[in-house]
Structures are given as structure tokens and as C-alpha cells.
Amino acid sequence: SAVISQKPSRDICQRGTSLTIQCQVDSQVTMMFWYRQQPGQSLTLIATANQGSEATYESGFVIDKFPISRPNLTFSTLTVSNMSPEDSSIYLCSVDWGSDRGDTQYFGPGTRLTVL
Amino acid sequence: QKEVEQDPGPLSVPEGAIVSLNCTYSNSAFQYFMWYRQYSRKGPELLMYTYSSGNKEDGRFTAQVDKSSKYISLFIRDSQPSDSATYLCAMKAGGFKTIFGAGTRLFVKA
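Protein chains in written order, with the numbering used here: chain A, 205 to 320; chain B, 705 to 814.
To be clear, the hints were calculated from the coordinates, so they are not data collected in a lab. Incorrect hints may have been included.
Keeping only pairs whose Cα atoms sit at most 25 Å apart, straight-line, the calculated SDA-like set for lysine to any residue is [what the hints assert, rightly or not]: (1) A/K269 to A/E258; (2) B/K746 to A/D291; (3) B/K801 to A/P271.
Covered stretches of chain B (chain A as the covering partner; in silico rule of three or more C-beta atoms under 8 Å from a C-beta of chain A) [unchecked claim]: (4) 742-755; (5) 789-798; (6) 801-811.
Remember, it's a predicted structure, so these values are computed and weren't measured experimentally. Even for Gly, the Cβ is constructed at its ideal location relative to N, Cα and C.
Using the sequences and the hints, build the whole thing.
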């Protein structure tokens, strides 16, 4: 199975600052997703980041707060901007190789963010 | 009504028990059905996936899909303390967004 890695694995940040989370995949993939998972909750999709197009954001998430880059088929970044304690969460990247691998999503290990 | 309903638990069972985890859904277009296991402080790990109806077995795990009832299940035989985790069901209609259940927390007591 492919490897999906994220950096950093965890961070503690001050209110008002920004953090950029990196997601690296060891094989090329078109469809990449960013999720948030708050304590004890399920997954909330932030945006879909397909290479070659602008990220598509879900309701309640905006580009100014969560800018995303997708420079190539193996890498993406999510920035959490102007952070507040409400942004404390686990942030997960996920990929879907489509029918090549069963049309299912695979997840990275997550980035645990705490905002003070 | 949510598209996917899953009881969050927690579900506590003794070691060796058979565990049954379930989800119901409302969208008849769903064709791909997945179960993910998520340990504390880790990302979700794909455990089982099934296309359309039927059963799929992998070791101690069996996934069942009943499209007529819009109901999916995951059975864990001979449960172990290492099975203690949150189990998320997920489903999609090919090419569309994956919809996740809320996750069921499972505790297997030694």
C-alpha cells in the first residue's frame, strides 16, 4: 500500500499565527482531500485539492482561512491562518486513486494542532 | 436526516466476543462501502471495502452490505483488546464524495 506522510505530526501554536501542514504521497494521485477531526467527532471535509485546478471548499470553509496548494501529483499543503483555539483539531490529508485502488480513500497519520 | 447514521457508542465487550457494528444510509446511489479503523491519535486506516451488495471476509473481519435495507455491518470475531478503536463506516456513489459515519468507539476488555 502507498505511504502518505504529514508534517508536522503535532504542533502547539499561539492565537493569531498561521501553520502550514504538508502532505506527501509516494505515488502520483489526482484526488486529494483535507479533513478536520475535532475531539470525539467524525471527519469533516474542508476541501478537495485536485492537481491542476483550484481547491474546492465545503460549506463553512473559505480560502482565506484555509489556503491550499497542490503544486504536483504527490504533494499538497494546507495552511490554517490567523488561528484561534477553535481551530484546535486533527487535520488529515486523504487521497483517492479511483478505480486503480478500489475507488476508496486512504488517510495520512494526521497533524494534531493545539492553539493556545 | 443524515445520509449515513452510525451509533457512536461506546460499545464495550469482553475479549473473545463477536462484535457487530452497523450503519444505515439513505442514498440508494451508494455503491462503495468501506470500514475504517482509527486508533487514538492516529489517522483512519482502511479495514474493509465492498462494492455493491454481499459479504466480504478477511481474517476475523466480515463486512456485509444489504442494499435492499440500506444497511451495512462489520463483524469482528474473537475480538481482542487490540481491536479497541473507533470504527467509521463510509460510502460513496462512484466518482462522488465519500460520506462518513460518526464512528463507533469500541472497547474490548481483557
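* Asked: Quick check: which numbered hints come out false for this structure?
  -> Failing hints: none at all.
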